[in-house]
Amino acid sequence: QKEVEQDPGPLSVPEGAIVSLNCTYSNSAFQYFMWYRQYSRKGPELLMYTYSSGNKEDGRFTAQVDKSSKYISLFIRDSQPSDSATYLCAMTSYTGTASKLTFGTGTRLQVTL
Amino acid sequence: DGGITQSPKYLFRKEGQNVTLSCEQNLNHDAMYWYRQDPGQGLRLIYYSQIVNDFQKGDIAEGYSVSREKKESFPLTVTSAQKNPTAFYLCASSTRDSGSYEQYFGPGTRLTVT
Chain Z
1 QKEVEQDPGP
11 LSVPEGAIVS
21 LNCTYSNSAF
31 QYFMWYRQYS
41 RKGPELLMYT
51 YSSGNKEDGR
61 FTAQVDKSSK
71 YISLFIRDSQ
81 PSDSATYLCA
91 MTSYTGTASK
101 LTFGTGTRLQ
111 VTL
Chain B
114 DGGITQSPKY
124 LFRKEGQNVT
134 LSCEQNLNHD
144 AMYWYRQDPG
154 QGLRLIYYSQ
164 IVNDFQKGDI
174 AEGYSVSREK
184 KESFPLTVTS
194 AQKNPTAFYL
204 CASSTRDSGS
214 YEQYFGPGTR
224 LTVT
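Protein sequences, first through last, are from chains Z and B.
Read in the numbering used here, the first sequence has 3 at position 3, and its numbers run on one by one without any break.
Start counting at 1 in the second sequence, then tack on 113, and there's your number in the numbering used here.
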């Protein structure tokens with residue numbers, strides 16, 4: 001069993017929809033949770049990070065962590081065609097000079113007109 | 114502009130040849146990382162370095178080697194011992210100041226070995 005599980009999709013939604021992307025994990029030591037967006041044939045870019053449990057909002061994006069369920073989510077409101085990309089969750093238990101991140105496999109999102 | 118550069122974007126090699134992938138950053142970050150991305154498998158850590166002249170193996174280091182002679186540079190050599198070298202290789206960097214979990218990625222190098 002992988003430490004981090006993520007549905008690969010693809011997930012197709014109409015423009016303006018609310019999108020919910022999720023990851024589950026098994027390592028209870030994970031404390032930092034990140035969401036990266038990756039466009040085709042590009043490097044990932046960090047969207048949001050959350051420490052421990054709770055919600056964090058940034059514009060149209062909301063990250064949610066439920067440590068009791070070992071479940072994290074990324075919500076995208078008013079989705080746009082430019083949101084079409086692969087979304088990767090990542091997490092780590094340690095953050096010193098360097099952090100070893102564990103990534104999910106990514107969910108491919110397609111927002112249609 | 115600050116950022117991470119990787120070259121070349123595409124690389125083709127014959128089986129049995131070693132190949133070196135370049136990664137340079139001008140963000141003044143202490144830590145640098147190499148990941149490999151395969152379809153359906155997400156990113157897997159190959160090597161990382163916290164400081165010049167020091168590096169540690171990641172989860173899939175076999176068949177790879179790295180060096181960190183300068184803070185700005187962290188080249189990755191894919192040796193002939195790597196059984197499945199064809200993949201998308203990503204370099205990243207981070208700084209402890211903002212949290213080393215905030216890793217910034219380069220554009221990647223797609224390596225094809227035939």
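It is worth saying that the hints were derived from the structure and are not from the lab.
If you're wondering where the values come from, they're calculated on a predicted model, not measured in any experiment.
Check each hint, because a few of them may be wrong.
What the hints assert, rightly or not - Calculated lysine to aspartate or glutamate pairs in the DMTMM-like style (CA-CA distance at most 20 angstroms, straight line):
(1) Z:K42 to B:D151
(2) Z:K100 to B:D172
(3) B:K183 to B:D172
(4) Z:K42 to B:E215
(5) Z:K100 to B:D143
(6) Z:K100 to B:E175
(7) B:K122 to Z:E45
(8) Z:K100 to B:D210
(9) Z:K56 to B:E215
(10) Z:K100 to B:D151
(11) Z:K2 to B:D210
(12) Z:K100 to B:D167
(13) B:K170 to Z:E3
(14) B:K122 to B:D151
Tested hints:
no., hint, in the structure
1, Z:K42 to B:D151, "13 angstroms, holds"
2, Z:K100 to B:D172, "10 angstroms, holds"
3, B:K183 to B:D172, "24 angstroms, violated"
4, Z:K42 to B:E215, "17 angstroms, holds"
5, Z:K100 to B:D143, "14 angstroms, holds"
6, Z:K100 to B:E175, "17 angstroms, holds"
7, B:K122 to Z:E45, "17 angstroms, holds"
8, Z:K100 to B:D210, "16 angstroms, holds"
9, Z:K56 to B:E215, "16 angstroms, holds"
10, Z:K100 to B:D151, "18 angstroms, holds"
11, Z:K2 to B:D210, "30 angstroms, violated"
12, Z:K100 to B:D167, "15 angstroms, holds"
13, B:K170 to Z:E3, "19 angstroms, holds"
14, B:K122 to B:D151, "16 angstroms, holds"
In terms of the numbered hints stated before, the structure departs from hints 3, 11, listed from lowest to highest.
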